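There are 4 protein chains.
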Amino acid sequence: MDRLLRRCRIKSSLARECLAEFFGVYVLILFGCGSVAQVTTSQNTKGDYLSINLGFALGTTFGIYIAKGVSGAHLNPAVSLSLCVLGRFSWTRLPFYVCSQLLGAFLAAATVALQYYDAIMDYTGGHLTVSGATATAGIFSTYPADYLSLWGGVVDQIIGTAALLACVLALGDPHNTPAPPGLEPVLVGAVVLVIGISMGSNSGYAINPARDFGPRLFSYIAGWGDEVFRAGHGWWWVPLIVTCVGALLGSLLYELLIGVHHPDSKPMDPEGPTAMVQKTVELEGVYPEMGKDRIFSITSADIN
Amino acid sequence: MDRLLRRCRIKSSLARECLAEFFGVYVLILFGCGSVAQVTTSQNTKGDYLSINLGFALGTTFGIYIAKGVSGAHLNPAVSLSLCVLGRFSWTRLPFYVCSQLLGAFLAAATVALQYYDAIMDYTGGHLTVSGATATAGIFSTYPADYLSLWGGVVDQIIGTAALLACVLALGDPHNTPAPPGLEPVLVGAVVLVIGISMGSNSGYAINPARDFGPRLFSYIAGWGDEVFRAGHGWWWVPLIVTCVGALLGSLLYELLIGVHHPDSKPMDPEGPTAMVQKTVELEGVYPEMGKDRIFSITSADIN
Amino acid sequence: MDRLLRRCRIKSSLARECLAEFFGVYVLILFGCGSVAQVTTSQNTKGDYLSINLGFALGTTFGIYIAKGVSGAHLNPAVSLSLCVLGRFSWTRLPFYVCSQLLGAFLAAATVALQYYDAIMDYTGGHLTVSGATATAGIFSTYPADYLSLWGGVVDQIIGTAALLACVLALGDPHNTPAPPGLEPVLVGAVVLVIGISMGSNSGYAINPARDFGPRLFSYIAGWGDEVFRAGHGWWWVPLIVTCVGALLGSLLYELLIGVHHPDSKPMDPEGPTAMVQKTVELEGVYPEMGKDRIFSITSADIN
Amino acid sequence: MDRLLRRCRIKSSLARECLAEFFGVYVLILFGCGSVAQVTTSQNTKGDYLSINLGFALGTTFGIYIAKGVSGAHLNPAVSLSLCVLGRFSWTRLPFYVCSQLLGAFLAAATVALQYYDAIMDYTGGHLTVSGATATAGIFSTYPADYLSLWGGVVDQIIGTAALLACVLALGDPHNTPAPPGLEPVLVGAVVLVIGISMGSNSGYAINPARDFGPRLFSYIAGWGDEVFRAGHGWWWVPLIVTCVGALLGSLLYELLIGVHHPDSKPMDPEGPTAMVQKTVELEGVYPEMGKDRIFSITSADIN
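Residue numbers (my numbering), protein chains in the order written: chain A, 1 to 304; chain B, 305 to 608; chain C, 609 to 912; chain D, 913 to 1216.
It should be emphasised that the hints constitute simulated quantities derived from the structure, not laboratory data.
The structure displayed is predicted, hence computed values, not measured ones.
Just so it is clear, CB atoms sit at the ideal spot from N, CA and C, and this is done for glycine as well.
Just so you know, nobody snuck in bad clues.
Derived DEER-like restraints, expressed as beta-carbon distance ranges: (1) A:Leu94 x B:Ser394: 42 to 48 angstroms; (2) C:Gly831 x B:Gly527: 43 to 49 angstroms; (3) D:Phe1008 x A:Thr92: 43 to 49 angstroms; (4) C:Gly831 x B:Ala319: 53 to 59 angstroms; (5) D:Gly1135 x A:Ala222: 41 to 47 angstroms; (6) D:Gly999 x A:Trp151: 48 to 54 angstroms.
Excised from the complex, chain A in its bound form (with noise of 0.2 angstroms):
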């Protein structure tokens, strides 16, 4: 059995980074629109709103444990594109990533639909739409609550990115009180939890591109038609661009209110940067694939 698996292993750094990357977002979606779909079609007997925040949650913290050690777990187009201009990521990259994302997203929301298609069926009778008493659109993607504006979403998907963005950053910052090693997944997932108790009513915190596009192309070609499209006054563009305004601004205001400020690594005991620099080669050593284009690495520029 080893042999054979061996057989299949792909040396290509990117190609690796891909597939993690692919299975990572998988596995956060299949978890997610999961328990989205049970709530639904258990009309909330076997779960409630909070069960949909654990499942996005959780889901996020397996999909991170799955992908971290070979390509970091962005999961998410919106990070990518955050460390790409933090200059943490490179930009040749980043289509490669954004695909991957996009395609675990498309192929998880196929298998929630295949896991609960009698359970569709029987919750809906067959007619499967977006609005109306048993919707179930929302199983796949996000949409705005009826009183929602257009500026309200724009505003909402901002607010909700920025904080997550904030968040995680602060987890990955070796210079203030980052995550204990091995713990960063569970903790990003309780940003995610956190976002949804006290940001998802408004329209269900996307705040992930890959999440919304990939699960609403499904729901597109799987028989909801083009109104996955056309609901909410076109609210699809929504959280596939603004999420990504978002995360700059959620970036941009950690680094100029915390990040930036670190004063240089030269602290009055001698023995300091030795030990740091002592930590940083253990872990290379431990994990010993750990790159530039993390968001939990301890890189160069974050010591100067």
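Following the hints, position chains B, C and D against chain A.
Frame of chain A, contents of chains B, C and D only:
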């Protein structure tokens, strides 16, 4: 006291491991099925679907804490089988582990029935039924929703168990982002939690042959009768057999998409591998019984 | 300020430990019974059964954080007694610990009554009753469900307290998979959470004589009258006595099934035991007061 | 980008700390008040009382992650004041911290109002009221329950804030069982969670003058009018003043019952203190800016 206890010491490594698997699954089912009993007999006043999810999740967590240092805490025949196929567990130990797991689940179901005897009698009026308004067979094992086709149930259990194995293998992969030492049980419990939250409504997320078949056998003997095997068009074999297929699929997916592509451990930094070996050695020093048959151990196959 | 405080320093180790047990149980009950008071007087609008479970779980967690470094944080006479029987705690300290625990629980119940005085008066109209529509005695101590027989209650408390001790001993067993240093309080809190989720509906999971008897005594004095001792066919002695039997049973079960079979610490790797001793020494250095009477300490008996 | 950001670097240590306190409280209130807005405007369909508790708890957690490495993350004037009285924070910095905290809370309340503008307008029909069926002032600051007397409210806030400080001091006490490095923010968040679960129904657990007064000021200006100061018989000063009294009481209680009795660090093992000092040195090396004014730092006063 200490001396008295010491006389009971068993030196056979296999016997110790079987005791650990037995006690681990016992605790898993005691808390898991106990939470279903509480929700069912209190008619949702002392818990809801989320408490059942938490009961099985934390039951898994503490079952693992009880068994992991001795047997590796598979607690699931489908996990043991997958590790055999991956070459990380010995085929000769497989039947012993599986029997211990089944026995633990059976006796735990009996304990739950004992603890909730008065409650079940009061709730059912003494009529132990598999379906109907006061059905209580669901305390012990899983039954499909009315709408679920057999094929739908098969797909459901394959996806659920595959998700379990993919996440557990990621948490234990030393080349990825492994769970922090001592917190693996909590994170595996969280995997069970999110599966219950996102894949629980179709058929009750058995995802473990022992968890389902042991208690089902108990309920058959204890008065619920052969309806426990006939219900759901003979559902009982799906959680018994299909979960094994799903576990293998999930293991293969993780290995093919992530695990097999890890490069050989020859990092650029020359101190890397040494640090890694030292860490292994140290861990083995502290927990001296750590062997090859663990999900979370750093085996030579992983290092090569 | 610092100087003023220093004048109050007590040097007696026993007195310090009693203060810690007192304050630890005080915090446990303050949060635990407080959450029941909140759910009861708000008529389930500001919490439900899960909040009560979380209140006692996190109360346990922070009670342990407050006491563990000083007294080992038993916080439960049944735990202290079991550790005596296992030879890990001194019999002479037992009565001092138990009295401190009871006093802490009594005063915390008084504090909860003070904090919720207006709410209880508003909810009950001033009628402090043990049963009926606006019964409030359940804020302080446990009462059995109407259906529960005395024998059923005895079984319930034996199983619950046995589960508590088995899990806590596993979390502190250095030869198994011990909880990570500094997270034991969180994990013991999680044990209390899952017991509340899976064994709470029969009789309110006292599983701790001090948690039940201290507040019961307070409610007797504070106006609920002798009904607190007569209710449930004289239920009061079950959480007081039977929990001790359950704790001993759980301890024995863990030791007989897992603990006693750990092989002598003579691992193949020669550096192993040294590393272990070093770790112990280092821990004792950092927390210099660490003694033999801790649940989580590495005692010589454990190492042999 | 990196260069542009570097030009904005502020070298004043006090200014950096004020920015961190500002941004930390901003995040706390953004998530905390955001979760109240979600529950209120969705009329409990997208969250319940537990989500509000989780919103403030996780808001605290991520507020601390954002600020802790720079300012120590007090995020609460009552905490800053208590640390001053205990001699662990400088009185001269106190007013700067308090103003930054208030400003952060004020602007976060404005952000919540912006994000939920459409929702609040839809829910209230444009009538911004402090009481009544569609009252929304509770999104921003706390108001007492109808039954609560002023004296009852004072007791409530004293007990709540005292509990907060006692637990936080325990989590940061290096002679007790301190929280694991990097997880302090999670555990302080859990303290806020359990206070909300067990002490939230009387008056909404402000336990933080900035959390209450900053948003109250915003709601006064933004259209809720002077009713926000008149409601509850002039409740507004209780969370502002009484929380400081409670914080001092809790600090004193912890020090008198636990902290002050820790023996001098002269353990029997001669390597002990050295190891401790080494640990301190190492920590200071990794986080070079760690100073005397942290809750969680090992100060010389603690060691003596």
